[in-house]
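From first to last, the protein sequence lines stand for chains A and B.
Residue numbers for the first sequence follow my numbering, beginning at 1 and rising by one.
Residue numbers for the second sequence follow my numbering, beginning at 1 and rising by one.
Don't take each hint at face value.
Claimed, not checked - Label-pair ranges, simulated between beta-carbon atoms:
1. A/188 with B/117: 27 to 33 angstroms
2. A/188 with B/180: 40 to 46 angstroms
3. A/73 with B/161: 31 to 37 angstroms
4. A/167 with B/180: 53 to 59 angstroms
5. A/202 with B/159: 53 to 59 angstroms
6. A/285 with B/17: 39 to 45 angstroms
7. A/92 with B/164: 24 to 30 angstroms
8. A/167 with B/177: 27 to 33 angstroms
9. A/90 with B/23: 21 to 27 angstroms
10. B/17 with A/61: 37 to 43 angstroms
11. A/241 with B/182: 45 to 51 angstroms
12. A/190 with B/157: 33 to 39 angstroms
13. B/65 with A/279: 36 to 42 angstroms
In short, the hints are calculated from the structure, not lab data.
Note that the Cβ used here is the ideal one computed from N, Cα and C, for glycine as well.
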Amino acid sequence: MPTQINLKTGLAEMLKGGVIMDVTNAEQAKIAEEAGAVAVMALERVPADIRVQGGIARMSDPKMIKEIMAMVNIPVMAKIRIGHFVEAQILEALGVDYIDESEVLTPADDAYHVDKFAFKVPFVCGARNLGEALRRIGEGAAMIRTKGEAGSGNVVEAVRHMRAMQREIKRLTTLGAEEMMATAKELGAPYELVKLVAATGKLPVPNFAAGGIATPADAALLMHLGAEAVFVGSGIFKSGDARKRAAAIVQATTHYQNAKLLAEISEDLGEPMVGIDISKLPKEELLQERGW
Amino acid sequence: MVVGVLALQGDFAAHSKKLQELEQPWRLIKQPDDLGAVDSLIIPGGESSALLKLMAPMKMLEALEYFGRSSDKPIFGTCAGMILLAKNIIPQQKSLGLIDITVERNAYGRQLDSFIASGQIVSEKLLNRDVFPENTITCKQNCYINQHTISKNPNINQNTREIELVFIRAPKIRSIDSKDVEILVTFQDQPMLVQQKNILVASFHPELTEDNRVYEYFCNL
């Protein structure tokens, strides 16, 4: 692999087994770091608030991002709208450690995602299935996360996306060489990447989980399903006791196979965020439908 | 001989993949009890503050200190692993203090300052270990690494002093605080891989390159 992608996926390797937390100010970033977060995602409103308040959701104020970068020693990520390469240039100029080209913000381009090879800063992108993941990797993403349904407090979509991804990866490994091109066409994915996944049985970049994770058990569930780390958005700072819940989710992500420990750390965490039944949401309100 | 890889958080998957390629028996370490089954340990890169947080409830720090100090078993720390093993950290944070060096966290800057460079091997120990037959024999018996492994990778000239170094939000060794600390690899005349008795630490990531010499050296400690 070219040098740049090695440095980009290299940072994602360092984040494995960890929790990346959404924060909206420097104070929350400090709480996240103290709770054991491996990175923070700086954004103006958590997805649950974007969902309630509506309007256009954009890249955050650079002032806030700089305050967060000054506050913590761990990596700082920030979101741009899908396709908004100028927001990406601004974040790169600020020196953020990772950019999330995110469906949580309102898309800026309804046809194209950002050419992520054009940047030195690494990108993470959301995906619902293998085809979408490989399209993003084909554009230069150095980390993939499930989209899930952000701000819902409901883990069902993240589970669906992670299972779909794993199922399709497994299927690829059973196919013959003559089936590769037709499969690439069917997945809408680059042929070379389809062949690579078929040969290795895994994505060529780290594969994390995001979208609707609200409890330590949710984080552990996604780790069992093959996630290599988790993003927690609204689930922490929309809950009753953010500090305690954040620390518990950190422990759960590492010790996801230890049910006895999960029982201990799940105890008395205070109110979780209020969730949404996704089947009751109209399709146009689903954030995961953004991007292609 | 079995190498443990501390698997609380960080790039433990990259380390275990490397050990797998070298046909070196290994196992992941998640709690103090697991340490009983291994003869040496790798502490991977990651975020040192998160690692400390994960170690606290199960008293892993105490168990690692016993492993490295009282049992004298080899420990190799890369990046965050080096921070955890060092005696002094800038900015100050808890650590094992098993090697007498001062390390500054994120001293090279942020992700945009991450880089790949060519370093210099300054100790004969890392070079051409084929000339030490006793080492090779120990190696064959104990860790299943043999000369086949060494010659497996045609891209790496085993005798060159040049070594590829990958730095990711890397820490820097600010000072060496004991004459017992030996420098094995440098970059721009600064120490990058150093050793004090059974403790080996690197500010770079040998697990992310194709050069296996640092691994082979560690497996023979």
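Practice item. Evaluate the given range 53 to 59 angstroms for the C-beta pair formed by residue 202 of chain A and residue 159 of chain B. Key: Violated, at about 35 angstroms.
Exercise for review: Please test the hint of 36 to 42 angstroms on the beta carbon pair from residue 65 of chain B and residue 279 of chain A.
Suggested key: The hinted range 36 to 42 angstroms is violated for residue 65 of chain B and residue 279 of chain A, with Cβ atoms some 52 angstroms apart.
**Study point:** Outcome of range test on Cβ distance (residue 17 of chain B, residue 61 of chain A; 37 to 43 angstroms)
**Key:** holds, 41 angstroms
Check your understanding: Quick one: are residue 73 of chain A and residue 161 of chain B within 31 to 37 angstroms, going by C-beta?
Key -> Since residue 73 of chain A and residue 161 of chain B have Cβ atoms about 34 angstroms apart, the given range 31 to 37 angstroms holds.
Point to revise | 27 to 33 angstroms as the expected CB spacing between residue 177 of chain B and residue 167 of chain A, which holds or is violated | key: 54 angstroms Cβ-Cβ, so the 27 to 33 angstroms window is violated.
Review point. Given a hinted range of 53 to 59 angstroms, is it respected by the beta-carbon distance of residue 167 of chain A and residue 180 of chain B?
Key: holds, 54 angstroms
Point to revise | Whether the CB-CB distance between residue 188 of chain A and residue 117 of chain B falls inside 27 to 33 angstroms | key: violated, 39 angstroms
Exercise for review: Hint says 39 to 45 angstroms; check whether the CB-CB distance for residue 285 of chain A and residue 17 of chain B agrees.
Suggested key: holds, 42 angstroms
Review point. Taking the beta carbons of residue 188 of chain A and residue 180 of chain B, is their distance inside 40 to 46 angstroms?
Key: violated, 59 angstroms
Point to revise | Distance restraint hint 24 to 30 angstroms, applied to the beta-carbon atoms of residue 92 of chain A and residue 164 of chain B | key: holds, 26 angstroms
Practice item. Take a look at whether the Cβ-Cβ distance between residue 190 of chain A and residue 157 of chain B falls inside 33 to 39 angstroms. Key: Holds: the Cβ-Cβ distance is about 34 angstroms, inside 33 to 39 angstroms.
Check your understanding: Honestly, do residue 90 of chain A and residue 23 of chain B meet the 21 to 27 angstroms range at C-beta?
Key -> violated, 48 angstroms
Hint violations for this structure: numbers 1, 2, 5, 8, 9, 13, all remaining hints satisfied.
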